[in-house]
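Okay, here's what each chain looks like letter by letter:
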Amino acid sequence: MSHFKEIFKYSEFLKSNVKKDIRGKYKGSFLGVLWSFINPLLSVVVYAIVFHYIMRFNIEHYLIYLIAGIIPWTFFTTSINSGMNSILFNANIIKKVYFPREILPISSVTSGLVNFLISCIIILLFAIFSGVGVGVSLLFLPLVVIIQYIFTLGVVFILSAIEIYVKDIEHIVNFIISMLFYVTPILYTPDLVPTKMRFILKLNPLSYIIEAYHDIFYYKQIPNMYNLGIIFGISLIIFIVGYNIFRKLQKGFAEEV
Amino acid sequence: MLKGNVIQVKNMSKNFNIYFDKANTLKEKIMFWNRNRKEVRNVLKDININIKKGETVALIGTNGSGKSTLLKLMTKIYYPSKGSVETKGKLTSLLELGAGFHPDFSGRENIYFNASIFGLSKKEIDKRIDKIIEFSELSEFIDNPVRTYSSGMYMRLAFSIAINVDADILLIDEILAVGDQHFQEKCYDKLMELKEDNTTIVMVSHSLDSVKKLCDRAIWIYDGIVKMDGNCNEVIEEYLKVCR
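Each protein sequence line maps, in turn, to chains U and E.
Residue numbers for the first sequence, in my numbering: 1 to 257.
Residue numbers for the second sequence, in my numbering: 1001 to 1244.
Worth flagging that the hints you see were computed from the coordinates, not collected in a lab.
Glycine is no exception: its CB is placed at the ideal position from the N, C-alpha and C atoms.
Careful: at least some of the hints might be erroneous.
Among the chain E residues that face chain U by a calculated CB cut under 8 Å, a handful are [as the list claims (entries may be wrong)]:
#: 1; residue: T1075
#: 2; residue: K1076
#: 3; residue: I1077
#: 4; residue: Y1079
#: 5; residue: S1093
#: 6; residue: L1095
#: 7; residue: A1099
#: 8; residue: Y1112
#: 9; residue: F1113
#: 10; residue: I1117
#: 11; residue: G1119
#: 12; residue: K1122
Chain E extracted, bound-state conformation (with noise of 0.2 Å):
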């Protein structure tokens, strides 16, 4: 990996194998081997990007153009077909709301399991809980089950999971939508707080604006592959002429 980047991307491509019929048992593989027709699609096409710390990077482009793909490969959820991904430090990734919430346990409970997938200690969580309940605002319903939750208050209890990790590297896809105008205020001002901080993020968003707040730079993905890289305004000016 070059010298201060903390996410290096190097001729990385990414292919998934799509199955119109997918032989999943042993008999099917056997038997219809020939007819295990799969089409390889190719989402990604040697993508080359270094990020180095403390930058705020936005992923911007249309649905379908692998964006979420791409943080999906930066988080190791997926690996590259071709190509490398690195990353340098600890990484917190927040791709979808409340992954591995139980909808039987309480807030409360939530936190304390959400925060392990995260790979924080009992220890380092107990420190946390506090300012994490103060975050989410859901002072009285922490000690409910989750199930009982709006969507809004899940959305908000998970967000202040992920972003009182203390990661280096914050990768958020596509999130922020939920939440009333207040709440999503102040998260802006905490990822605000975090860039600050020195704190790389990485985040795939649709709303404009605030990317233009927040971000420094712009990655615009057209079709799986880097259409340009810069700038924030600029790239974002250039995106919206096509768009249009």
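Bound conformation, chain U alone (with noise of 0.2 Å):
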């Protein structure tokens, strides 16, 4: 407990991180932060051409559709990237300063979350311009956002302290990571998807976060209780077992990097 509360003294330096990644990130160039959200939307629109006008996918409101599920991918992936390499490219302070390590994995997931929070307006725009509307079903995008949060922190814990001594867990990462996105209903309803496989899609636990999503944004309807009950356990083990293997490997972190 002791330890979470020295996070908490550090939280300053948190925050200074959190600033430093949204801002340096587009440093020096023209459209600056705006780049987070024109490169999600970039790649909505790619898909909408490819499944809806090419592949004739027949989904109603498929760009919102899309949208409420990339958005929330890409706050996953983002902090997935960024916080899996938050301590190797630390490496200089790692080792001339004492602080919790914990930080820099905080940080990384943090900034992804403040960014897909802004990102949220976006989706809301194109809700109520496209004539999908918003309704009360938003007062659960907290939960979920939580949720989210706490099930990415978990996986960055444990990848982050796995890098440092496996340098190639990036690599492998970076391809689970885009196979998820085609086991994950986030083009596609699931109900497209042929009875015989759907079982996949119920193993993947981004698939509930994500229907929680359309739920919400799309469908304007209360999330599956059950299933966001389920997926948050999963998240606290995850979180919690991360946590654990954090501290642990974090010991070794000044002498590896």
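Assemble the dimeric complex from its two separately framed chains, guided by the hints.
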């Protein structure tokens, strides 16, 4: 417990890290921070053209369905990518200053969260102007976001710590993430999947999270609480396991990086 | 931890793995599992040190004897292979100049960034910022990017931040060698002042004269063991006998 207190004491370091992340990432580029919103939007446009106009997917308001899935997905992947490297990229301070190492992965995922929360405005704007509108289901958004945050942070704890010892975890993870994208109902709705294969979606924790976002933004209905409960449990377990792995492995960071 | 101690090192050993041909990737780990030649180097051997509140302690010894490693263990950058290292109270370490400085940010921004690494809140930094700038004597340069600083200016800024954190324990690793005469003296005056305020100071230094002035106690580390521990003047005398 005393360790959490310590992390809290370093919250200013966390804040300045997040600020630096968000501002520093696109430093020198013409559109600056806007890129973090334009990028997912551009991929949305590409998917919409490919799947709606070329492949003739017949999903009503397909654009909104895509956006409601891709933007939370981007939150997940960018957090994993920057979080995974957070220890490695900060080797110079790890070797020279003491601070709770957890701060680094936490700030990566938190900057992802801040970006995501701002991007939610884009989802809402699209939902309103396309005629889908918004519903009371929006009240459940914080709950889903918190679950996703805990889940992502847990995974990032594990990956960032392991990467120090096994460098090629990064490539493995990148492959798994791009595979996961297709076994998560982002481009398609779950009922388009042959019944025989639906169990794959059920095994993927991320599909529960993405479906909850679809419920909130697209179907405007209360997310399936039973599913959310399960994924919340899974997230907590991953978080606790991840945190403990991180605590164990962090002792060697300064020597190994 | 024994009563009165603020730093307690107990039966502590530290090993480093020296890899000759380190298998970093999974492929190398699997394919060359037998090629992973490494040598375990025993840097510190069964160290026992108790430091009480308000003591000023110098770690002396030749290069490579393990002094800096010991400091890093006290800061919790490294962890002991055996035994334990415990500390009590707010600990600040100045092991390397401007660790975590961002060359593109201004001196002022770096004060905020660097002090936050030491665990200060924004309010606490606001309260200290004038003191830090004044101590560093960087007045008109403080809003310039740090990459334009000379090494002396860099060091002055780094030192000013660390020394104004108000730590209970201050660990310093051979850094006062930079900076001109005037600033060095100023640093020692400041360290004296902290000593009066009952701050515990542990420093690694090769300038034995200044060590004599500042420290009450010296610990001589020789090849990873505590060779002698006691009154500063006596230990330095013995140390010099061997060095000559």
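Here is how each hint holds up against the structure:
no., hint, verdict
1, T1075, "4 Å, holds"
2, K1076, "5 Å, holds"
3, I1077, "5 Å, holds"
4, Y1079, "4 Å, holds"
5, S1093, "6 Å, holds"
6, L1095, "5 Å, holds"
7, A1099, "3 Å, holds"
8, Y1112, "7 Å, holds"
9, F1113, "5 Å, holds"
10, I1117, "5 Å, holds"
11, G1119, "5 Å, holds"
12, K1122, "5 Å, holds"
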